[in-house]
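Engineer: According to the working numbering, the residues represented by the sequence shown are 552 to 849, in order.
Among the hints, a few may not be true.
As the list claims (entries may be wrong) - Label pairs and their computed distance ranges (CB to CB):
| id | residue 1 | residue 2 | range |
| --- | --- | --- | --- |
| 1 | Val796 | Ala600 | 20 to 26 Å |
| 2 | Pro651 | Leu741 | 28 to 34 Å |
| 3 | Gly805 | Pro738 | 32 to 38 Å |
| 4 | Arg742 | Leu804 | 31 to 37 Å |
| 5 | Pro789 | Leu710 | 38 to 44 Å |
| 6 | Phe610 | Val659 | 35 to 41 Å |
| 7 | Val816 | Val659 | 22 to 28 Å |
| 8 | Val796 | Pro651 | 45 to 51 Å |
| 9 | Arg827 | Pro651 | 19 to 25 Å |
| 10 | Arg744 | Val714 | 39 to 45 Å |
| 11 | Gly715 | Pro738 | 34 to 40 Å |
| 12 | Ala812 | His785 | 35 to 41 Å |
| 13 | Val603 | Leu710 | 25 to 31 Å |
Note that these hints are calculated values from the structure, not bench results.
Just so it is clear, CB atoms sit at the ideal spot from N, CA and C, and this is done for glycine as well.
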Amino acid sequence: MTARSADAETRSPGPQTRPADAQVRRAGARVRAVRLGPRSLAALALVSAVGVAAFGWPFLAPPASSLSAHAQDAPWLFAGLLVLLVAVVTATISESGLGPKAVAMLGVLAATGAALRPIGAGTAGIEPMFFLMVLSGRVLGPGFGFVLGSVTMFASALLTGGVGPWMPFQMLAMGWFTMGAGLLPGPDRLRGRAELLLLALYGFLAAFAYGTVMNLAGWPFMGTLASSIAFDPHAGVPANLARFVAYCLATSLGWDLGRAAVTVVLTLTLGPAVLRALRRATRRAAFEAPVAFDAPPP
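Hey, can you work out the whole structure from these sequences and the hints?
Structural biologist: Structure representation (structure tokens):
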């Protein structure tokens with residue numbers, strides 16, 4: 552064997568690196584920046600269960616309960632609890648595999664989403680950040696999506712000065728919103744127009760769901776300011792449900808419709824380019840490729 556051929560042989564990648572690279576780059580493979588392990592799933596289920604109770608307590612607590620008697624205090628208590636739980640679930644998911652590459656992508660996407668939010672300032676539902684959350688959750692999976700949604704809403708609240716008892720509810724709701732996009736079917740096979748239509752439909756429905764859920768967070772604060780649509784701690788579930796529907800129709804239907812329409816339009820127009828960019832970035836980052844080192848030549 553000549554010296555040149557021996558040198559070429561030592562420079563060639565070892566067999567232990569090729570399967571990993573091929574596994575990451577194979578056609579149709581889905582790369583996940585964060586893998587949800589059992590501990591992460593348990594933490595996520597816990598914070599989601601507490602979040603459901605925090606949002607829906609007006610319908611879950613009986614009229615005679617002490618919680619209903621403190622209707623003005625309960626949102627503050629739940630907000631403080633949600634801050635701790637969202638921090639716990641984020642730390643748990645991060646521990647399960649949020650490496651330096653994923654942290655860098657999380658920072659870029661969260662900063663972009665936070666910068667997009669003030670563009671419309673919520674006017675008539677012009678909130679372009681929602682379409683970015685849908686596409687990011689689709690490409691990077693539900694684990695990364697939950698972390699991204701929560702961090703983006705936290706960063707945008709600091710950027711716009713929107714810090715208050717509603718912020719933990721916004722973080723949790725946006726985490727659900729982005730995570731849901733990562734749970735949509737056909738992540739490895741569905742491409743093209745069919746995928747765009749699926750994402751647009753999800754964005755349309757989830758935009759209304761986000762607005763409705765956030766209405767639950769602020770509705771108990773109304774007190775007696777508007778007796779016909781305010782939460783009544785002494786009324787039963789059917790009466791309060793009718794009040795809540797009237798509250799949504801009177802206060803947020805226009806904003807929710809605008810948010811849904813903007814999300815659909817941006818998904819259908821900018822979606823192909825953004826999806827390609829996100830998938831190209833995840834392939835180059837090779838989140839799941841194990842690091843292997845060749846032995847030095849003798």
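Engineer: Hint by hint, which ones does the structure fall short of?
Structural biologist: none
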